[in-house]
Amino acid sequence: MNCSALIVTYNRLEKLKLTIANTVKLNFTAIVVVNNGSTDGTQAWLATLSDPRVIVLNLPSNSGGAGGFKAGSQYLCDNVDSDWVFFYDDDAWPESDALEKFAQLEKANCRVFTALVKDLQGQPCPMNMPFAKVPSSFMDTLRYIRNPAEFLPSVSRACAVQTVSFVGMII
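So for the sequence shown, the numbering used here puts the first residue at 207; every next one is plus one.
One should not assume that every hint holds.
Calculated lysine-lysine pairs in the DSS-like style (CA-CA distance at most 25 Å, straight line) [claimed, not checked]:
1. 276 with 324
2. 339 with 231
3. 307 with 231
4. 324 with 313
5. 276 with 223
Label-pair ranges, simulated between beta-carbon atoms [to be verified]:
6. 322 with 207: 19 to 25 Å
7. 340 with 218: 26 to 32 Å
8. 227 with 311: 39 to 45 Å
9. 289 with 356: 29 to 35 Å
10. 266 with 360: 38 to 44 Å
11. 360 with 256: 40 to 46 Å
12. 228 with 268: 30 to 36 Å
13. 217 with 360: 32 to 38 Å
14. 207 with 264: 35 to 41 Å
15. 363 with 218: 33 to 39 Å
Hint data in this document are derived by calculation from the structure and do not stem from the laboratory. Here the structure is a predicted model, which means the values were calculated and not measured. Beta carbons: idealized from backbone N, C-alpha and C, even for Gly.
Please model the entire structure based on the sequences and the hints provided.
The structure is reproduced here in structure tokens:
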């Protein structure tokens, strides 16, 4: 199974260095880094990387996270033979056993996966949480405030979701 990483960065060089250091330890076929017009030395630092799996796309200006992921996705579709692509930002990376765990998942009838994104303290990142059910009314919103778990997918089994974040998405 060929898995690639797609990382988008903008002016967070120190965080990106940690992300790249952790990413190259994993068995990705390709690691595409989209530099979204950074002005903090990111382009020069990326040019020093020697891992042949690292492919750098330097965009002329910041097209935002969505624009960066679009550019990287298009590059991967056109140039890299990947079965699955792991999407994440310059301040995140998969756990050391993520590819092995992913390989064990049943993937029939699935087109997109979403991972539980955690911060460095091991706490879930609310802004990257998928929703199994999106609150669609005032009462739903109140129920969500009282009991968010009712709207979030299970972390221990596969289930359908209605929304995903770019960060933690696997296509």
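Ascending list of hint numbers which this structure does not respect
Result: hints 2, 8, 12, 14 break, sorted rising.
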